[in-house]
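*Asks:* Construct the complete structure from the given sequences, taking the supplied hints into account.
Each chain is listed here by its residues.
2 protein chains.
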Amino acid sequence: MGQQPITFLRQVMALCTYPNLLDSPSFPEDAKKRARRILQACGGNSLGSYSASQGVNCIREDVAAYITGGMRRACGPDNIYLTTGASDGISTILKILVSGGGKSRTGVMIPIPQYPLYSAVISELDAIQVNYYLDEENCWALNVNELRRAVQEAKDHCDPKVLCIINPGNPTGQVQSRKCIEDVIHFAWEEKLFLLADEVYQDNVYSPDCRFHSFKKVLYEMGPEYSSNVELASFHSTSKGYMGECGYRGGYMEVINLHPEIKGQLVKLLSVRLCPPVSGQAAMDIVVNPPVAGEESFEQFSREKESVLGNLAKKAKLTEDLFNQVPGIHCNPLQGAMYAFPRIFIPAKAVEAAQAHQMAPDMFYCMKLLEETGICVVPGSGFGQREGTYHFRMTILPPVEKLKTVLQKVKDFHINFLENYA
Amino acid sequence: MGQQPITFLRQVMALCTYPNLLDSPSFPEDAKKRARRILQACGGNSLGSYSASQGVNCIREDVAAYITGGMRRACGPDNIYLTTGASDGISTILKILVSGGGKSRTGVMIPIPQYPLYSAVISELDAIQVNYYLDEENCWALNVNELRRAVQEAKDHCDPKVLCIINPGNPTGQVQSRKCIEDVIHFAWEEKLFLLADEVYQDNVYSPDCRFHSFKKVLYEMGPEYSSNVELASFHSTSKGYMGECGYRGGYMEVINLHPEIKGQLVKLLSVRLCPPVSGQAAMDIVVNPPVAGEESFEQFSREKESVLGNLAKKAKLTEDLFNQVPGIHCNPLQGAMYAFPRIFIPAKAVEAAQAHQMAPDMFYCMKLLEETGICVVPGSGFGQREGTYHFRMTILPPVEKLKTVLQKVKDFHINFLENYA
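For the protein sequence lines, the chains are C and Y, in the order given. Each residue of the first sequence is one higher than the last, beginning at 1 in this note's numbering. Each residue of the second sequence is one higher than the last, beginning at 1 in this note's numbering.
Note that these hints are calculated values from the structure, not bench results. Some hints here could point you the wrong way.
Where chains are identical, the list cannot tell them apart; a pair therefore holds if satisfied intra-copy or between any two copies.
As the list claims (entries may be wrong) - Below are the DMTMM-like pairs computed for lysine to aspartate or glutamate, each with C-alpha atoms no more than 20 Å apart in a straight line:
#, residue 1, residue 2
1, Lys95, Asp126
2, Lys305, Asp203
3, Lys314, Glu190
4, Lys103, Asp126
5, Lys314, Asp209
6, Lys192, Glu231
7, Lys95, Glu124
8, Lys411, Asp126
9, Lys402, Glu320
10, Lys32, Asp135
11, Lys349, Glu304
12, Lys317, Asp126
13, Lys349, Glu295
14, Lys404, Glu61
15, Lys349, Asp126
16, Lys314, Glu153
17, Lys192, Asp156
18, Lys368, Asp412
*Replies:* This is the structure we're talking about:
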């Protein structure tokens, strides 16, 4: 999509990959310093060695320091697990939480709309998917009464043990308020639910009224009754933010208040796959330990970072504004993440035509859009949506000018679609 | 263990990581050519983009060409799946093969001794482990009569569907003869078993009397009755051979004769985790597509490769010879792979002492060795062994002089151990 890699990250990675470059004058000293530190922590000073299954120690220390930043209570590297992207962490911890038997199957609460990794892993693990609906009328906010409804109904047919939160939301782009997070934590404490906080879009917040609050930080600020009891796993990744280094498959999870025996099982499970990619671990290190003021690379790094995030903010606003000009499309503010998830009106005749093709109506809509414009978006039914409502997910990643063209084409298509099936 | 990375591989990786280096005169042209080719096949010409879930297309083409080399029938890139190391491929294909229900649980045949990934994944998947014993008296050869015994006995309590082969063997180091592979393929055909051929040590063959034969090649040479019917998945990795790039988590599997519907499920399962690390995919490309005669880097590459493999061959012989000089240790020839798996005599008194400590006798032995010498080896009970026999696994990776010291220390320890528990 034209987004360029952050130079500093790639410089450190290149130095780690081919340490002969440590003698090259073309690389800045702060990049060399970080590369040397990472290599010293690797077996044989090489990215090619297996690391410990939990990840390279000094990188886990950097992650812990990053999480601790501004918090009253420290985070220890022992609770940090480096992963093969966030997906790997999420599926691994779900595997641990779902197993263990018991009479009824384990319920895992997920938002609707959700990111389909969750439904796929729940299905793989033969657990029960427990839906709670985000409030579209209220900017996709999470309402704790809806969590209560969902958990009560679920108790009839399964044992709800896990509550998954995606903040900022994918595909819905909402950013949760501090109050909302407190309510969710209190609810998890009441119901003894294990909290999974998918926070991979933590650097992607665009609305001036919104701020990212990590579940970990809020949990600690709520006092020892919560911070010593609520079990929480949170996730981050190299794939999002302003780095966008998806291909390196870097990520981490922090797990707190996990029972020591279960922690032992988790480490055992992780060790079967040996270790996460060490190059992805190195990339994760740069995400949590970027150049700081006074360092040689700081200025260029800041410029590149601001450029990526500034552009994303501009595109988020542009997308929201343009969609809301189209009759029959309503788009909530894109407070964060990288997607629009507009609601689309699909006329009755189009619903009939879709049924004749044995397609979900939004799938039918998206296929028509693809055929007529070449634009590929994902139907809301792939993420889940309230019965009778239709949506699609579109990324806001294309460059501004291209995005404008895309949005204009979607607009024209939609107006035309409404006419054709009026 | 002091083994240095292959320069060419790291050069290509550094160029792919930080493409500014493509203008640097310090990198050879053949490395730049490969890096450009890989980058052109990556989204946005970047290792940081997600690839297709099955892997970067041109890398799968290179893998296919590597497999086809010297074979009558071509291999298509569609059957190639790039993986996060071989472990990921093995556990993914086992997941697909074990699921699907049926009245009785799925049996998976594995060699004893085995590499513990297999027992761990079988246990995770709630399948049945069906042991077949390698013939220690015959250099750990695989005997088809033993396969027949194992499958017949297993049919009483499960549905044997999969036969796993490790060649060259881990931990046992044997290299299978062509005749043996033919027998195994015929057996799999008779019993309609899905063959898994773990061939990650294919470049690690040291005995002058042995040659590596891939299951795929032998299968094709056995004619269409076999090559069109026997289902086979084979695995390779960047972690072994002379490259030893474990940390990059690169690997591939080739799957042939898989039913199209099951292939669809496999692709779906893989897509949940998005893609294997693209840096590991690039490393895999260099393993299957190294410099050839006439290319600028060929001479240095060949020198480095021969040095690693020559040293391993020397250390294999040294280890075998030294162990066989020790009373109460017998070591089969290390025909391939990277380990010795000697049989050790443990006196009755030591067995009693182990029982008093609630330890397996070989675990007791290994703990004593660790405590007295600082040398860490893995007890045979971690890999499986015939009742009443004891072994340990030791790598032959340390540099020659260090290895000599290690072996001498093990020898002294063992003689002392026999005396203490006589």
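*Asks:* Would you mind marking each hint as holding or not holding in the structure?
*Replies:* Hints versus structure:
| no. | hint | result |
| --- | --- | --- |
| 1 | Lys95 <-> Asp126 | both (10 Å within a copy, 13 Å between copies) |
| 2 | Lys305 <-> Asp203 | within (10 Å within a copy, 44 Å between copies) |
| 3 | Lys314 <-> Glu190 | neither (40 Å within a copy, 64 Å between copies) |
| 4 | Lys103 <-> Asp126 | both (14 Å within a copy, 18 Å between copies) |
| 5 | Lys314 <-> Asp209 | within (15 Å within a copy, 68 Å between copies) |
| 6 | Lys192 <-> Glu231 | within (8 Å within a copy, 47 Å between copies) |
| 7 | Lys95 <-> Glu124 | both (9 Å within a copy, 10 Å between copies) |
| 8 | Lys411 <-> Asp126 | neither (41 Å within a copy, 51 Å between copies) |
| 9 | Lys402 <-> Glu320 | within (16 Å within a copy, 66 Å between copies) |
| 10 | Lys32 <-> Asp135 | neither (48 Å within a copy, 52 Å between copies) |
| 11 | Lys349 <-> Glu304 | neither (48 Å within a copy, 69 Å between copies) |
| 12 | Lys317 <-> Asp126 | neither (40 Å within a copy, 50 Å between copies) |
| 13 | Lys349 <-> Glu295 | neither (62 Å within a copy, 65 Å between copies) |
| 14 | Lys404 <-> Glu61 | neither (43 Å within a copy, 37 Å between copies) |
| 15 | Lys349 <-> Asp126 | neither (38 Å within a copy, 49 Å between copies) |
| 16 | Lys314 <-> Glu153 | neither (41 Å within a copy, 67 Å between copies) |
| 17 | Lys192 <-> Asp156 | within (17 Å within a copy, 44 Å between copies) |
| 18 | Lys368 <-> Asp412 | within (13 Å within a copy, 77 Å between copies) |
Hints 3, 8, 10, 11, 12, 13, 14, 15 and 16 from the earlier list are contradicted by this structure; the remaining hints agree with it.
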